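S.K.: Residue-level listing of the chains:
Protein chains: 2
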Amino acid sequence: MILVLSNEEIEQVFTIDECLRALEPAFLDLGNGKAGIIPRQDLLVPGPLEGSYHGFKTFSGSIPRLGVTALRINSDIVTWPIVSGVQRRVKAPLAMGSKYVGLVFLFSTRTGELLAMFPDGFIQAMRVGVTNALSAKYLSRPESSVLAVYGSGWQAKPALLAMCAVRPIKEVRVYSPKKENREGFAKEMDKKVDAKVYAVSSPELAAKGADIVALTTNSLGPFFPAEWIHDGMHITTVRFSEMNLEALLRCDLIVVAGRQQAQLLTLPGEEEKIPEFGIGDYGRDELKGTKADWRDKPELAEIMVGKRKGRENESDVTCILNFIGLGIQFAAAGARIYELAKEKGLGKEIPTEWFCQDVHP
Amino acid sequence: MILVLSNEEIEQVFTIDECLRALEPAFLDLGNGKAGIIPRQDLLVPGPLEGSYHGFKTFSGSIPRLGVTALRINSDIVTWPIVSGVQRRVKAPLAMGSKYVGLVFLFSTRTGELLAMFPDGFIQAMRVGVTNALSAKYLSRPESSVLAVYGSGWQAKPALLAMCAVRPIKEVRVYSPKKENREGFAKEMDKKVDAKVYAVSSPELAAKGADIVALTTNSLGPFFPAEWIHDGMHITTVRFSEMNLEALLRCDLIVVAGRQQAQLLTLPGEEEKIPEFGIGDYGRDELKGTKADWRDKPELAEIMVGKRKGRENESDVTCILNFIGLGIQFAAAGARIYELAKEKGLGKEIPTEWFCQDVHP
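So the protein lines, in turn, are chains A and B.
Using my numbering, the letters of the first sequence map in sequence onto residues 1 to 361.
Using my numbering, the letters of the second sequence map in sequence onto residues 1001 to 1361.
No lab work stands behind these hints: they were computed from the structure.
One or more of the hints may lead you astray.
[Stated by the list, open to error] Cross-link-like lysine-lysine pairs, in silico, PhoX-like; alpha carbons within 25 Å at most: (1) B:Lys1348 with A:Lys348; (2) B:Lys1034 with B:Lys1307; (3) B:Lys1099 with A:Lys342; (4) B:Lys1342 with A:Lys99.
For clarity, every value in this text was computed on a predicted model and none was experimentally measured.
Can you make the complete structure from the sequences, with help from the hints?
M.R.: In structure tokens form, the structure reads like this:
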């Protein structure tokens, strides 16, 4: 039977600790040439709303050790409004009136069978936060105890929890432009971790003296300048538009989640209408040829297995540009979720037969 | 509700004529920049059998006019045995003990919703045959009446039917190495078309005087030589390993289904073990820089909309190298199948809600 799970069911079994235990060996496999990926590709065609696009995104990853290949799909109605003077990517929830569509399909490398299908939402944010926490585990100073979190949205929570799981964090400052958001978030998170979590009213204040900075915003324009960076800091991003060129040049070591850029495809003539062709995740022409050029930077997996050098000095500023998803994140998380859900009898079942055929394809 | 269909249900509603009516405008959309694709990518990792790989293949296509994006997935256990001295790609049916896994997922570009899921088997062969028939409609001589079909497998039948639908075919010669196969196939097909269909005992005989040649084999080595080609012939292939370099050079016009090659990915050190890295669908180094180099060849869609020149003389030998699948084939076929299945009340239903979420992905 094929297991169909919901975000709520996944949340019941899949904790930050489970995710860390799943993703760390998956990145080690990748670094050791024992796991593989199909890079992300996005196809954007005109959508139903004024200036909107249907964004269809796929990428995959295979971990033979776990016997799984995962495919992650997003089928979004994408818009790019200007919010508080900053351009953002916002997805319009048009499925069933007000929902989003992001899915993970888990296949067996041993039989080819489809094993499970589930929404990507819960895992999505968690694997970004956990990947960035893994970067902190391998790149930040071991005694790092002060964390600054920028953003209070869906990426902020797992980022904060995962950082507290890999480093002895005592103090967390939260900055987000809206007062009620940062304060609500800080209050909520203060109950969940041993560290003291509090909101700060200026973004500069959050970074001051912080050992680790977690940028978890959906800003398509840079907001974290070089002046806020000090020696020994480790900075994590969720898109590489968050830091400006000067800030990136301030870093002694820049690491990327994956060196391969997303391939963005659209119809002829639509290119200039899509902001992300110019900025955001897809390219930063200004970086090319500079010390901040991502194309020759080590990948996190290479650092983790020791193929490329990590932090060399206490005073080094290290940074991960986590601008690209990797299928192995969903394969590793998916395999463990599948195992846990089976153990607990969670989810709905659909006959495997519906997704098999006699025809040699 | 999400519709889940079987190959048998699709076969009930989706005829060669329906497929031609669906694919022709889809290729015109593509040629006119009104449809888009994500190119094929294959990820191969070591599989469960000696020398086998799990081959995970994805590609997508979007047709805004129809409001759909289709994703096609294959999750195969792939092997490469030598059959009668020729290396072939053979998929091992290990799903549920003896089945294959090839799937199409149909999404709405208007809401993002998953609309339908179905196996790819029935459409798979049909869209190849129909695409090649479209090449014949636009490239062969209009009075073409003699067809030669090489192969009697799952690609041969739709190829033969589709050719008879686009040209006034009176005579079909079938060649396949095994006597019982070619004779059984010819007998079966003779009942289905107005043309006289018969088997021939030598491969050379089939081509003699043929107006259109349909190569529908899974041979990874060339078997159709230049000497069998004569003026005015149109040749269709299902993989571009079927003709040798000399045969390709004999063609006045080579057209490709898509110029973009499949991207073949595997783990470090596995490359040399996978025959298709060297031959077959993925590359023919010998062609590079020759007149037969596929990289500068017109695409079928470009020919169809008149952006690139087609046949110029009666005596021209034309050829389509249909070595790459395009997502728009599955999008166009899928949209029509979805419509027909809904009309007839076919298929099983799964709640759309299971494949949506509240979480901003």
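S.K.: Now tell me, hint by hint, if it's right for this structure.
M.R.: To see whether the hints hold, each was checked on the structure:
no., hint, result
1, B:Lys1348 with A:Lys348, "holds (15 Å)"
2, B:Lys1034 with B:Lys1307, "holds (14 Å)"
3, B:Lys1099 with A:Lys342, "holds (23 Å)"
4, B:Lys1342 with A:Lys99, "holds (23 Å)"
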